[in-house]
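Chains A and B, in that order, give the protein sequences.
Numbering of the first sequence is given in this note's numbering, commencing with residue 1 and proceeding in unit increments.
Numbering of the second sequence is given in this note's numbering, commencing with residue 1 and proceeding in unit increments.
Hints are computed from structural coordinates only; laboratory data are not their basis.
Bear in mind that the values here come from a model prediction, so they are computed numbers and not experimental data.
Be aware that one or more of the hints could be misleading.
As a list, the in silico BS3-like pairs of lysine-lysine whose alpha-carbon atoms are at most 30 Å apart [claimed, not checked]: (1) 102(B) - 15(A); (2) 42(B) - 79(B); (3) 17(A) - 79(B).
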Amino acid sequence: GAGVSQSPSNKVTEKGKDVELRCDPISGHTALYWYRQSLGQGLEFLIYFQGNSAPDKSGLPSDRFSAERTGGSVSTLTIQRTQQEDSAVYLCASSPGPPLGQGNGELFFGEGSRLTVL
Amino acid sequence: RKEVEQDPGPFNVPEGATVAFNCTYSNSASQSFFWYRQDCRKEPKLLMSVYSSGNEDGRFTAQLNRASQYISLLIRDSKLSDSATYLCVVLNQAGTALIFGKGTTLSVSS
Numbered sequence: 001g002a003g004v005s006q007s008p009s010n011k012v013t014e015k016g017k018d019v020e021l022r023c024d025p026i027s028g029h030t031a032l033y034w035y036r037q038s039l040g041q042g043l044e045f046l047i048y049f050q051g052n053s054a055p056d057k058s059g060l061p062s063d064r065f066s067a068e069r070t071g072g073s074v075s076t077l078t079i080q081r082t083q084q085e086d087s088a089v090y091l092c093a094s095s096p097g098p099p100l101g102q103g104n105g106e107l108f109f110g111e112g113s114r115l116t117v118l
Numbered sequence: 001r002k003e004v005e006q007d008p009g010p011f012n013v014p015e016g017a018t019v020a021f022n023c024t025y026s027n028s029a030s031q032s033f034f035w036y037r038q039d040c041r042k043e044p045k046l047l048m049s050v051y052s053s054g055n056e057d058g059r060f061t062a063q064l065n066r067a068s069q070y071i072s073l074l075i076r077d078s079k080l081s082d083s084a085t086y087l088c089v090v091l092n093q094a095g096t097a098l099i100f101g102k103g104t105t106l107s108v109s110s
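Using the sequences and the accompanying hints, generate a full structural model.
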């Protein structure tokens, strides 16, 4: 497809289980971002990939969260031992590449993966 | 202090009204600023960049005041389709990520 694709669109899991969320960015986009949005909250930055490396992972809230990107394309966000506070919409975005800045601030977001931890 | 702060609203205005949203940012070294729009249960989309000299795109005008660390968005002649949440966005100092405010909700009624 032409846009950023995320799967699953909805995931309900039990507390303590691991989950994997997948993002397929726009073809040719070298930069990839993960954000999460909790109810009533703004978008919270999690991690940024340039190619397969992650120059900025400062937003990952704990060591239960990890992400990888392979082949400069698909990325997977993994949450281990999920907690109820992990419930949120996890949004992936891509952009053609660095640098972000004036005149180049467009991130193309997917529709998100809604995670509910019971 | 949060990096990007906005009045959450909601702003409820009639069609045709002019409405302004404000945003403050905490990092004086920030260089790049944007407004995004997010419709209910949809992903955010870029509305416009904010340039130092101010810029206009149709009915939308964005202004930046670096001295006060303040960004504004003015919408003239509001349309029903303008109903959405407007997100104030600042590029982080490392240049690696966009930092989003919580958003201001606008509801335009007929």
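Check each numbered hint from earlier against the structure, then list the numbers of those it violates in ascending order. 3
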